[in-house]
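Residue numbers (full-length UniProt numbering), protein chains in the order written: chain A, 1 to 207; chain B, 1 to 207; chain C, 1 to 207.
It should be emphasised that the hints constitute simulated quantities derived from the structure, not laboratory data. There may be inaccurate statements among the hints.
Given that identical chains are not distinguished, each listed pair holds provided it fits within a single copy or across any two copies.
Said to hold, decoys possible - Straight-line distance between alpha carbons at most 20 angstroms, and here's what the computed EDC-like set of lysine to aspartate or glutamate pairs gives:
#1 LYS82 / GLU140
#2 LYS201 / GLU84
#3 LYS146 / ASP53
#4 LYS201 / GLU140
#5 LYS82 / ASP53
#6 LYS146 / GLU84
#7 LYS201 / ASP53
So the chains spell out like this:
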Amino acid sequence: MTALTLLDYASVLIFALTGALVASRAQLDIVGFAFMACITAVGGGTVRDVLLDRNPVFWVGNLTYIFIALGAAVFIYFTAHKVESRYRWLLWLDSFALAVAVPAGMAAAMVMLQPGPIIVLMGVATGCLGGLMRDVVCNEVPLVLKQGELYATAALGGALAGLAVMQMTHLTMPVLIACAATTWGLRAGSLLFGWQLPVYKSRPPRQ
Amino acid sequence: MTALTLLDYASVLIFALTGALVASRAQLDIVGFAFMACITAVGGGTVRDVLLDRNPVFWVGNLTYIFIALGAAVFIYFTAHKVESRYRWLLWLDSFALAVAVPAGMAAAMVMLQPGPIIVLMGVATGCLGGLMRDVVCNEVPLVLKQGELYATAALGGALAGLAVMQMTHLTMPVLIACAATTWGLRAGSLLFGWQLPVYKSRPPRQ
Amino acid sequence: MTALTLLDYASVLIFALTGALVASRAQLDIVGFAFMACITAVGGGTVRDVLLDRNPVFWVGNLTYIFIALGAAVFIYFTAHKVESRYRWLLWLDSFALAVAVPAGMAAAMVMLQPGPIIVLMGVATGCLGGLMRDVVCNEVPLVLKQGELYATAALGGALAGLAVMQMTHLTMPVLIACAATTWGLRAGSLLFGWQLPVYKSRPPRQ
């Protein structure tokens, strides 16, 4: 199993858990859990594959991904009531999903020998778009756009860290690890310690 | 004309009617009706074709689909005021659209000799995504996520029924009919008699 | 540089400015500005390229587009507070973006020798979908669906004007200019003078 496949599996599993948690907040039935789990789990990677013209799309060519997402939906359906704050779980699971999806996106572009900036963009897109679809469909405020938190920034920082390591070595593993660690570190720092970039504040126009 | 083409025509026509009805609820002008009719009519099938890498996308290769959608938009623009409850019409038309779009999605995947689970997924995706786009764009609560109704479940049930028939016969027609009938039966039962799966209810966490 | 490339550059630049302006209204950080600028700038053209199966997608094959969008995001981040009404700027910039994106969409389909109606549809889709994604993601009322304004209608009118010129000449330039001028004229007339098509008004059903 390649590093890319492994990252895709992990990303699908964790994003599916977050999709099912959002379904539990919307009080859907078990099929609604599965629907949201699948959209969230494969959304980002599907956009990546369509943009890079990878054929077939990763989950069309390998059904394991879908079964993982369905398993995650069933698991959450029967256990979500046991946790105290589902929103906290959602936030933290989503942070792990982001941290594996960004290197998964980079790896797919690296395998295709894309230039550096495209590798970075595919990492950010794969990381952010599955969760964005989940939140838009369920009409939640998209995590990626929450004011005063690092999210797209964490994805971008991780992808740039991976790119920096790529300049130093031709091995794939260190690149992916640097990317995942930086992404998660930035996102976790934002959740725990309130790390943020300055947000835009409109000031009155000059006289 | 193949069964696939016929199903695509029917699905485009009925989904276009629902898109135009949503446009009438948003009080758009005639071009807005056409815009919403087209997005709703071809949205699900377009995603299906992009995922399966069918070239060209069905409506790019055959303009009849677009003309059908435009005709439906004009028809609704001049007649919607004559019906008493547009929302009721919307719900019922949408149930028929779902019941033809699910087998249309399955048929496209069957023609490409995809494995069973992909056939089921393409049926569900083709059935649900056009309406989902319509509702997200118009900021209505997506029908697919309405609590306590069978929608994605109806699509999934229909696709699984079609798959079951596929195990018994190599003929396409019985598969598509079983799928359409089951999908519509489940959806109609939900609208008429309130059939539903148990929805997730959060309970307080265990002590 | 071909006319198509030039139009794509202009459309990416102006749509990126509108995406960053929406980010400033949502008070995002600089990476949020870049994220929204990129989605808005390349959204419509990406859908066009995926639908027409153009490979690679325009910005994957030429990184300049992304750098233009990033530059626009940085520019707006540091200057948006200087303007008095950001919403007015947003509306007017968006009108120019629409007026270059519609011919950009047409040009791509013309190069591929698509039939007339597909050329028109690609123009409308390229023009409208980037802004639609921007507004759906940020949960603003989509400009394309604003009641009593010409938007999709302006795009359609421009595309039809371009098509009419295409019947008279085999030169590309006059087609694109007619399309851009008509689109912008209709949209500007709607913003300045309130031009509109009659909107649908529900009347009570007949007895």
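- When no copy is specified for LYS201 and ASP53, does a C-alpha distance of 20 angstroms or less occur within a copy, between copies, both, or neither? neither (40 angstroms within a copy, 41 angstroms between copies)
- Within, between, both or neither: LYS146, ASP53 at alpha-carbon 20 angstroms: neither (31 angstroms within a copy, 34 angstroms between copies)
- Query: Quick one: LYS146 to GLU84, C-alpha cut-off 20 angstroms, is that within a copy, between copies, both, or neither?
  - Reply: For LYS146 and GLU84, neither the intra-copy (23 angstroms) nor the inter-copy (25 angstroms) Cα distance is at most 20 angstroms.
- Message: Within a copy, between copies, both or neither: which one fits LYS201 and GLU84 at a CA-CA cutoff of 20 angstroms?
- Response: Only across copies: LYS201 and GLU84 sit 14 angstroms apart there, 35 angstroms inside one copy, limit 20 angstroms.
- Item | Within, between, both or neither: LYS201, GLU140 at alpha-carbon 20 angstroms | Only across copies: LYS201 and GLU140 sit 19 angstroms apart there, 23 angstroms inside one copy, limit 20 angstroms.
- Query: Are the CA atoms of LYS82 and ASP53 at most 20 angstroms apart within a copy, between copies, both, or neither?
  - Reply: neither (42 angstroms within a copy, 42 angstroms between copies)
- Intra- versus inter-copy proximity for GLU140 and LYS82 (alpha-carbon distance at most 20 angstroms): neither (22 angstroms within a copy, 32 angstroms between copies)
Checked against the numbered hints listed earlier, the structure breaks hints 1, 3, 5, 6 and 7; every other hint is satisfied.
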